[in-house]
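A.B. asks: Protein sequences appear in the order of chains A and B. The first sequence begins at 1 in this note's numbering and counts up by one. The second sequence begins at 1 in this note's numbering and counts up by one.
No lab work stands behind these hints, which were simulated from the structure alone. Wrong hints could be hidden among the right ones.
[To be verified] Each computed DSS-like pair below joins lysine-lysine, with the alpha-carbon atoms no more than 25 Å apart:
{"id": "1", "chain 1": "B", "residue 1": "K3", "chain 2": "A", "residue 2": "K314"}
{"id": "2", "chain 1": "B", "residue 1": "K28", "chain 2": "A", "residue 2": "K239"}
{"id": "3", "chain 1": "A", "residue 1": "K314", "chain 2": "A", "residue 2": "K239"}
{"id": "4", "chain 1": "A", "residue 1": "K255", "chain 2": "A", "residue 2": "K299"}
{"id": "5", "chain 1": "A", "residue 1": "K16", "chain 2": "B", "residue 2": "K318"}
{"id": "6", "chain 1": "A", "residue 1": "K6", "chain 2": "A", "residue 2": "K188"}
{"id": "7", "chain 1": "A", "residue 1": "K293", "chain 2": "A", "residue 2": "K218"}
{"id": "8", "chain 1": "B", "residue 1": "K16", "chain 2": "A", "residue 2": "K239"}
{"id": "9", "chain 1": "B", "residue 1": "K16", "chain 2": "A", "residue 2": "K324"}
{"id": "10", "chain 1": "B", "residue 1": "K324", "chain 2": "B", "residue 2": "K314"}
{"id": "11", "chain 1": "B", "residue 1": "K188", "chain 2": "B", "residue 2": "K6"}
{"id": "12", "chain 1": "B", "residue 1": "K314", "chain 2": "A", "residue 2": "K3"}
{"id": "13", "chain 1": "B", "residue 1": "K140", "chain 2": "A", "residue 2": "K140"}
{"id": "14", "chain 1": "A", "residue 1": "K293", "chain 2": "A", "residue 2": "K209"}
{"id": "15", "chain 1": "A", "residue 1": "K318", "chain 2": "A", "residue 2": "K255"}
{"id": "16", "chain 1": "A", "residue 1": "K16", "chain 2": "B", "residue 2": "K324"}
{"id": "17", "chain 1": "B", "residue 1": "K6", "chain 2": "B", "residue 2": "K16"}
{"id": "18", "chain 1": "A", "residue 1": "K314", "chain 2": "B", "residue 2": "K16"}
{"id": "19", "chain 1": "A", "residue 1": "K6", "chain 2": "A", "residue 2": "K140"}
{"id": "20", "chain 1": "B", "residue 1": "K314", "chain 2": "A", "residue 2": "K16"}
{"id": "21", "chain 1": "B", "residue 1": "K16", "chain 2": "A", "residue 2": "K318"}
{"id": "22", "chain 1": "A", "residue 1": "K16", "chain 2": "B", "residue 2": "K239"}
{"id": "23", "chain 1": "A", "residue 1": "K28", "chain 2": "B", "residue 2": "K239"}
{"id": "24", "chain 1": "A", "residue 1": "K140", "chain 2": "A", "residue 2": "K28"}
{"id": "25", "chain 1": "B", "residue 1": "K16", "chain 2": "B", "residue 2": "K3"}
Please read these numbers as outputs of a predicted model, since none were measured by experiment.
There are 2 protein chains.
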Amino acid sequence: MIKTDKILLGHGSGGKLSHELIHELFRKHFRNDFLDMQTDSAVLPLDSELVSFTTDSFVVDPIFFPGGDIGKLAICGTVNDLAVSGAVPRFISAGFIIEEGFSLDELERIVISMATEASKAGVIIVTGDTKVVNRGKCDKIFINTSGIGMLNRRNRLIGTGSEIRQGDKILINGPIGDHGMAVLAARKELGIQSEILSDCASLNGLIGKIMAISEEIKFMRDPTRGGLATVLAELAAGKNFGLMIDESQVPVNSKVRAFCEILGFDPLYVANEGKVVIVADGSAAARILDMMKNHPLGKESRIIGEVTGEYPGKAWIKTGIGGKRILDMLAGEQLPRIC
Amino acid sequence: MIKTDKILLGHGSGGKLSHELIHELFRKHFRNDFLDMQTDSAVLPLDSELVSFTTDSFVVDPIFFPGGDIGKLAICGTVNDLAVSGAVPRFISAGFIIEEGFSLDELERIVISMATEASKAGVIIVTGDTKVVNRGKCDKIFINTSGIGMLNRRNRLIGTGSEIRQGDKILINGPIGDHGMAVLAARKELGIQSEILSDCASLNGLIGKIMAISEEIKFMRDPTRGGLATVLAELAAGKNFGLMIDESQVPVNSKVRAFCEILGFDPLYVANEGKVVIVADGSAAARILDMMKNHPLGKESRIIGEVTGEYPGKAWIKTGIGGKRILDMLAGEQLPRIC
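Given the sequences, and given the hints that come with them, work out the whole structure.
C.D. replies: This is the structure in C-alpha cells:
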C-alpha cells in the first residue's frame with residue numbers, strides 16, 4: 001500500500017518504496033505479460049527482423065492542458081515517430097524523472113492517461129524506470145518514451161525522402177498549430193482563456209490505412225517542434241527539388257490564427273502533435289486524400305503543395321497575395337517546453 | 001558552426017539550432033550509418049527475433065565523478081541491464097534533457113565519454129532527442145538511454161530466476177559499494193577528499209565470456225540502486241528458497257568500508273555500476289569463478305553465498321561473529337541521485 005500522497009526521494013531509491021510504486025501504480029495500470037515478468041529488461045518476441053527504434057523526452061509545461069497531458073503526449077509522440085517511419089508501433093518504454101513532493105494523484109492521472117492512449121494506439125508499455133530528484137531540481141515530471149515498431153522491406157526508406165521527385169504532392173491531415181497554441185494558452189502566467197484543444201493523437205491508425213492502399217507514399221513526418229515549415233525546410237535541404245506550399249490551402253483553425261496574430265507567432269512554425277505531412281506521387285494524391293478524409297483524424301486533410309523544380313534545396317510558400325517566400329528552419333525558440 | 005559556449009533554449013526548439021547541435025556534436029561523435037540516415041527513427045536490421053528492451057534515466061549528481069561521468073554511466077547502465085538479461089547489447093537511444101545555460105564544452109565531454117564507452121562495449125547510439133528547459137527547471141543535464149539486445153531462446157529466462165534451486169551458489173565479480181561512495185565523496189558540499197573510484201563499467205564482455213562456457217547460470221542482476229542486499233531480497237521474495245550470503249566472503253574495499261562506517265552506510269545497500277550478481281548451479285560455480293577471475297572486470301570475483309532451504313522467501317546474511325540477519329529491501333533513500 002502506498003501510504004503517502006506525495007512522491008518521496010525513496011520512490012526512486014530502487015528499494016522498498018520503488019517496489020511499491022512499481023507494483024501499485026505502474027504495473028496496475030500498464031498491466032501486460034512483459035511487465036509481469038518483473039525483469040529489468042523486457043523480453044520481446046518480434047515478428048520482423050527489421051525494426052524502427054526511436055526515443056523522445058517530454059518536458060511540456062503545463063503537464064495538463066486542453067486536449068491532453070504529458071502522459072498522453074509521451075505515448076502519441078513516440079507512436080507517431082514510429083508510424084511516420086513506416087513502422088507498426090508495438091513496444092514502448094517509459095522513463096520517469098519526478099520531482100520530490102510531486103502529487104501521487106497527479107502521477108496516477110498521468111499513468112492512466114498513458115495506459116489509455118497506449119491501449120487506443122495498440123502499443124504496450126513493456127519496461128520502465130523511475131528516478132526522483134530533490135525538490136527544485138526538475139519541474140514536476142519529465143517522461144522519456146522509447147519505442148520499437150515493426151518494418152517491412154518495402155517501407156524501410158519512407159523516412160528518408162530519397163525517392164521524392166518533381167510533381168509529387170504534399171498532403172497534411174488537418175489544421176496546423178493547435179498543440180502549440182493550446183499549451184501556450186494553458187500557461188497560467190498568461191491569464192488567457194481559450195477554447196483551443198491540442199491535436200495530440202496517435203496517428204498509426206490513419207497512417208496504417210493509407211499505407212495499405214498506396215505504395216506511392218515517399219515521405220512522412222510529424223511536424224512537432226519547429227512546425228510544418230521546419231519539416232519542409234529540413235527535407236528540402238541539400239536536395240535537387242523545391243518544396244512549395246500554397247498558403248491558401250494550408251488549414252489553420254480560426255482561433256489558432258487569431259491567437260497567433262495577437263502574440264506574433266507564425267502558425268507554420270507552431271508545434272503539432274496529431275499531424276502528419278505526407279509526400280506522395282502526384283498520380284496517387286487524390287486517392288490518398290480521399291482515404292485520409294474518411295478517417296476520424298483526417299477529416300480536414302488537404303493537398304497543400306507540391307515538389308517543384310523551382311528553388312531547389314528550399315521550402316517555399318506561395319502567399320495569398322501572389323508572392324513567394326522562402327521558408328527557413330525555425331531560428332531561435334518560439335515556445336520552450338511545448339512537448 | 002556552433003557559435004555559443006552555452007546551451008540556449010533554441011537548441012531544443014527542433015529548428016536551426018537543434019539541427020546544428022545534432023550535426024556538429026551528436027553526429028560527429030556518435031558517427032554511424034543509422035544516425036547518418038537522419039530519420040526520426042532508426043531503421044535496424046536485427047539478427048534475432050527475440051530481443052531484450054530496457055530503459056534507464058540518469059540524474060547523477062555531480063555529473064563528473066572519479067571513475068566516470070553521467071555519459072559513461074548512461075551507456076554502462078543500459079548495456080548492463082541488457083547483458084544481465086542474457087542478451088547481447090546492440091543498439092542504444094539517447095534522450096537528453098539539458099538546462100538552459102549548460103556549458104557546451106561539458107556537453108561535448110559527456111558526449112565523447114558516451115561515444116568512447118559505447119565503442120568499448122560494442123554498441124552503437126542509433127537515435128536521440130534533445131530537450132532544453134529554462135534555467136532552474138532541471139539540474140544541468142539528465143540523460144535517458146534505452147537499449148535493444150539480441151537474445152536466444154536458451155537465455156530467455158535468465159532474468160527471472162525461475163530455475164533457481166537449493167544448493168545453487170551466489171557469485172559477484174568484485175568489491176561492492178565503490179560507485180555510491182565515489183559519487184557521494186565527489187559532492188562538493190561534503191568537502192571530502194577520497195581516492196575511491198566508481199566501478200562504472202560495461203559488463204557485457206565479462207558476461208558474454210561466462211555465458212559461453214556455462215549453461216548453468218540461472219540468474220544475473222546488476223546491483224545498482226539499493227545495492228546487493230536489495231537485489232537478493234527482491235529475488236528471494238515469494239520464492240520457496242532463501243538466499244544466504246556469508247559476510248566474510250563479501251568483498252568491500254577498505255576505503256569504502258571506512259567511509260561507510262564514518263557516514264553510517266551499510267555497503268550491502270550502496271549502489272554499484274560495474275558489478276553483477278550471479279546465481280549458478282553449485283556444480284558449475286568453481287568453473288564460472290575461474291573464468292570470471294581471468295577477466296579484467298572480474299579479478300576479485302568471489303562465491304559469496306548460496307541458495308538455502310532456511311528462511312524461504314528471504315535474503316539473509318551469516319555475519320562475521322556467527323549470527324544470522326535477514327536482509328530487507330532498502331527502506332527510504334540512502335543516497336538520492338546516485339545514478
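A.B. asks: All hints, please: hold or fail.
C.D. replies: Do the hints match the structure? See the list:
1. K3(B) x K314(A): Since the Cα atoms of K3(B) and K314(A) sit roughly 23 Å apart, the hinted pair holds (cutoff 25 Å).
2. K28(B) x K239(A): Given pair K28(B), K239(A) holds - Cα atoms ~22 Å apart, limit 25 Å.
3. K314(A) x K239(A): Given that 25 Å is the threshold and the Cα spacing comes to 8 Å, the pair holds.
4. K255(A) x K299(A): holds, 18 Å
5. K16(A) x K318(B): holds, 22 Å
6. K6(A) x K188(A): holds, 23 Å
7. K293(A) x K218(A): Holds - the C-alpha atoms of K218(A) and K293(A) are around 19 Å apart, at most 25 Å.
8. K16(B) x K239(A): holds, 17 Å
9. K16(B) x K324(A): holds, 21 Å
10. K324(B) x K314(B): holds, 12 Å
11. K188(B) x K6(B): Holds - the C-alpha atoms of K6(B) and K188(B) are around 23 Å apart, at most 25 Å.
12. K314(B) x K3(A): holds, 24 Å
13. K140(B) x K140(A): Between K140(B) and K140(A) the Cα gap is close to 16 Å, so the pair holds against 25 Å.
14. K293(A) x K209(A): holds, 11 Å
15. K318(A) x K255(A): holds, 23 Å
16. K16(A) x K324(B): holds, 21 Å
17. K6(B) x K16(B): holds, 16 Å
18. K314(A) x K16(B): Holds - the C-alpha atoms of K16(B) and K314(A) are around 14 Å apart, at most 25 Å.
19. K6(A) x K140(A): It holds: about 11 Å lies between the C-alpha atoms, which stays within 25 Å.
20. K314(B) x K16(A): Satisfied, since the Cα-Cα distance of roughly 14 Å is no more than 25 Å.
21. K16(B) x K318(A): holds, 22 Å
22. K16(A) x K239(B): holds, 17 Å
23. K28(A) x K239(B): holds, 22 Å
24. K140(A) x K28(A): Judged against 25 Å, a Cα distance of about 22 Å means the pair holds.
25. K16(B) x K3(B): Given pair K16(B), K3(B) holds - Cα atoms ~12 Å apart, limit 25 Å.
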